[in-house]
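Chemist: For reference, the chains in residue letters:
Protein chains: 2
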Amino acid sequence: MSDAFSLDPRLEGDSVPLAELALCTVRVMKDARFPWVLMVPRKAGLAEIIDLDAAERAVLIEEIAAVSSALRTVTGCDKLNVGALGNVVRQLHVHVVARFEGDAAWDGPVWGSGAAVAYEPGEREKLAEALLSELRVAGVVSA
Amino acid sequence: MSDAFSLDPRLEGDSVPLAELALCTVRVMKDARFPWVLMVPRKAGLAEIIDLDAAERAVLIEEIAAVSSALRTVTGCDKLNVGALGNVVRQLHVHVVARFEGDAAWDGPVWGSGAAVAYEPGEREKLAEALLSELRVAGVVSA
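Top to bottom, those sequences are chains A and B. Count the first sequence with numbering that gives the first Met the number 0 and you get residues 0 to 142, in order. Count the second sequence with numbering that gives the first Met the number 0 and you get residues 0 to 142, in order.
Only chain A is shown next, with the shape it has when bound in the complex (with noise of 0.2 Å):
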């Protein structure tokens, strides 16, 4: 299929597989300064949100307010900060940060922030395990 749907291969080597929801693949960056999840549609050739017809952005938004939860939650975090720029990646991608008071980009977006720290052996895992449970009793994982 020419226009099957294919992971931008700069968001995924920026990033970790956490979650099939029913639009959107889910993963975790690669950022231990913050926890930091990625949605990305599951369609070929969207760049905007306004490329995704009303009844997909309603399912968007929901699995939007669904990660946002399971990391407010889990962090226990002072702010989420939500976000579809793409300006460097074209590929429509939301980010769905939990931010705290203090933290190395605060109270400036992450969003070309200085460069990614890696996680300590283990942490990541830890956060994506946690994250998943979430997802889960909220119901909204497919796979």
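It should be emphasised that the hints constitute simulated quantities derived from the structure, not laboratory data. Check the hints yourself; a few may be wrong.
Identical chains share a label here; the pair holds if one copy fits it or two copies do between them.
Straight-line C-alpha distance at most 25 Å; calculated DMTMM-like pairs for lysine to aspartate or glutamate [claimed, not checked]:
| hint | residue 1 | residue 2 |
| --- | --- | --- |
| 1 | K42 | D77 |
| 2 | K29 | D106 |
| 3 | K42 | E61 |
| 4 | K125 | D2 |
| 5 | K125 | E100 |
| 6 | K125 | D77 |
| 7 | K29 | E19 |
| 8 | K42 | E119 |
Starting from the known structure of chain A, fit chain B onto it as the hints suggest.
Modeler: Using the frame of chain A, we list chain B on its own:
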């Protein structure tokens, strides 16, 4: 009413009114560097998208879509940036920004990127009138 909605003074100071949609009050940022719209749900006590209920979130995403479409049609931008951060001002607000390759913050985010530049006389009003016209065509302006 102790919990009536009132716009955060900083958001109010940084922007001017554009339109009232079913859920959000919509404003144009006073920054000529970027065609930039601010959307604030008119409900007291909100900080996160997940502080809205599911029905309100469904309205929010469609209002974001309407504003996004209007902004792209009017500006012919290369990319839309949509973000709900709130690290500085906690009242829930969503930014929709028209981005151009080579603009003052490209390819980074607009948030935290230098000081606002005032519009030339009449330019902001021209943008606002064009956006309002598009939102009226889309049938989302309630007042």
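Chemist: None of the hints should be skipped; say for each whether it holds.
Modeler: Comparing the hints with the structure gives:
In the homo-oligomer, the alpha carbons of K42 and D77 lie at most 25 Å apart only across protomers (21 Å), although the nearest pairing inside one protomer, at 32 Å, exceeds that limit. In this homomeric assembly, K29 and D106 come within 25 Å of each other (Cα to Cα) both inside a single copy, at 21 Å, and across copies, at 21 Å. Taking the closest pair of Cα atoms, K42 and E61 come within 25 Å of each other both inside a single copy (17 Å) and across two copies (19 Å). In this homomeric assembly, K125 and D2 never come within 25 Å of each other (Cα to Cα): the closest approach is 35 Å inside a single copy and 40 Å across copies.
For the identical chains of this complex, K125 and E100 are intra-copy neighbours only, at 22 Å inside a copy versus 39 Å across copies, given an alpha-carbon limit of 25 Å. Proximity of K125 and D77 under a CA criterion of 25 Å is satisfied intra-copy only: 20 Å inside one chain copy versus 39 Å between copies. In the homo-oligomer, the alpha carbons of K29 and E19 lie at most 25 Å apart inside one protomer (18 Å), although the nearest pairing across protomers, at 40 Å, exceeds that limit. For the homomeric pair K42 and E119, neither the shortest alpha-carbon distance inside one copy (33 Å) nor that between copies (41 Å) is at most 25 Å.
Checked against the numbered hints above, the structure violates hints 4, 8; every other hint is satisfied.
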